[in-house]
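Whenever a hint applies, use it, and build me the whole structure from the sequences.
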Amino acid sequence: MKFTAANPPLLSLSPARKHVSPVAVAGIAALFAIGLLYLYLCLFFALHQREFQYTLGGTRSTPEAAAAA
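Mapping the sequence shown onto my numbering, position 35 (from 1) lands on 35, and the numbers just tick up by one.
No wet-lab data here; the hints were simulated from the structure. We put the beta carbon where it would ideally sit given N, CA and C, even for glycine. Keep in mind that a hint or two might mislead.
As the list claims (entries may be wrong) - Pair ranges (Cβ atoms, derived):
1. 28 to 68: 48 to 56 Å
2. 43 to 65: 24 to 32 Å
3. 67 to 37: 33 to 41 Å
4. 64 to 21: 52 to 60 Å
5. 24 to 65: 52 to 60 Å
Next comes the structure, spelled out in structure tokens:
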């Protein structure tokens, strides 16, 4: 028996899927949304790192302002 690249032996044993479960689609969509939210938060904190680093309960000062004083 010869197998072509489009028909490997493992795929020939699996049943054909006629439809995709709505639960699977919702799960993949939720994982995708969580991934996008995580990337957004990473970018947000990267862009505003200086503000968070120097204003959490301390004085509103940066190293540049302290050096200039």
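Against the structure, the hints:
1. 28 to 68: 48 to 56 Å: holds (52 Å)
2. 43 to 65: 24 to 32 Å: The hinted range 24 to 32 Å holds for residue 43 and residue 65, with Cβ atoms some 26 Å apart.
3. 67 to 37: 33 to 41 Å: Given about 37 Å between the Cβ atoms, the range holds.
4. 64 to 21: 52 to 60 Å: Distance hint for residue 64, residue 21 holds at roughly 56 Å.
5. 24 to 65: 52 to 60 Å: holds (53 Å)
Comparing the model with each numbered hint stated earlier shows that all of them hold.
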